[in-house]
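**Q** Each chain, written out:
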Amino acid sequence: MSQNKSSEELARALFERASGRVDAKTTHRLHLLRREALSTPNRAVRRLVPLLATASLLALALAWWLPKQEAPPVLTGTSTSAESAVIESDEDSEIYAWLSDAPVAPDNDKGGAL
Amino acid sequence: MPVTTATTDFMAELPAPLTFAAKRLDELSENSLDGFLAGVERRAFRLAELALGHREDALDAVQEAMIALVRYRLRAPSEWSPLFWRILRRELTDRHRRNAVKRRVLAFLGRAGDEAGEDPLEMLPDPHEDPAKRHADAVAWRALGKALRALPRRQRECFLLREMQGLSVAETAMAMGCSEGSVKTHLSRALASLREQLEGWR
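Going down the list, the protein sequences come from chains A and B.
According to this note's numbering, the stretch in the first sequence is residues 1 to 114, in order.
According to this note's numbering, the stretch in the second sequence is residues 1 to 202, in order.
Treat the hints as calculated values from the structure; they're not laboratory data.
Hints may contain errors.
Derived BS3-like pairs: lysine-lysine, alpha-carbon spacing no greater than 25 Å straight-line [claimed, not checked]:
no.: 1; chain 1: A; residue 1: Lys25; chain 2: B; residue 2: Lys133
no.: 2; chain 1: A; residue 1: Lys25; chain 2: B; residue 2: Lys146
no.: 3; chain 1: B; residue 1: Lys133; chain 2: B; residue 2: Lys146
no.: 4; chain 1: A; residue 1: Lys5; chain 2: B; residue 2: Lys146
All chains, full assembly: derive it from the sequences and hints.
**A** Structural data, given as structure tokens:
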């Protein structure tokens, strides 16, 4: 019978037989692979997760590092001038207060000394 | 996924166009795609096995094609079949190229390929079948795979999709990304080459 069939017909029949008779082990594996594929909603998103995590970490590190580098000159300059101004004004007021309260020297001292 | 009572109640409250859209989405749900993949997975596996000559590679290729198709789950079901075969064809082409490089490297290192580890008798698990016929089929399967893998890539793809899978000329052209005329040319050359190689079958 097969004498009358062409090679492609025989190949097709063989393929049909093979597809219909996949062994139980392979059938089970195909079933598992299908379940796994269907439970993966979006692989592209899954692939992006490590990238997004790395980018977030880099952004955090940058945010922590940048103020540390720029802050000292700005903050020290401002605080020094402000603090010194406050201190100077306090000192001035204290001096004037002391001067106003300070006892005035009697005139006889001056005269006696002469 | 079957429509639950809660879903039905929710859908009843929606305006008509949204209800239609919800029903449409339900049609395109997981179960439909699951059914489609369940229907093609064995043929896809056998096709990949013929193209690659390796069971594990074939399973991997089918899985990758399934995962890739899931991304198109919202497309109309009529588009799934051409998309799936197109994706699988691309996957097989990539793996075939990688395997060719791997074989060259192994040959350079003086190590043989790993095709010898395959058991062709596993393809026919029916214990009640005539052992002689089973053996003849296993030998023929291996010879067919070997002859196919010796063909130029486009001829092999064309033969697998058109003759083995049974796609129409137009579907084959779409899956291969070429014209229908090219499909006919590739197929004619593939058949001529295979007839010579598989002369022993007749």
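**Q** For every hint, state whether the structure bears it out.
**A** Going through the hints against the structure:
This hinted pair checks out: Lys25 of chain A and Lys133 of chain B have alpha carbons roughly 22 Å apart, not beyond 25 Å. Restraint check: the Cα-Cα separation between Lys25 of chain A and Lys146 of chain B comes to about 24 Å, which is no more than 25 Å; the hinted pair holds. Restraint check for Lys133 of chain B and Lys146 of chain B: satisfied, since their Cα atoms lie roughly 20 Å apart, inside the 25 Å limit. At most 25 Å may separate the alpha-carbon atoms for a hinted pair to count; Lys5 of chain A and Lys146 of chain B meet this at roughly 21 Å.
Checked against the numbered hints listed earlier, the structure breaks none of them; every hint is satisfied.
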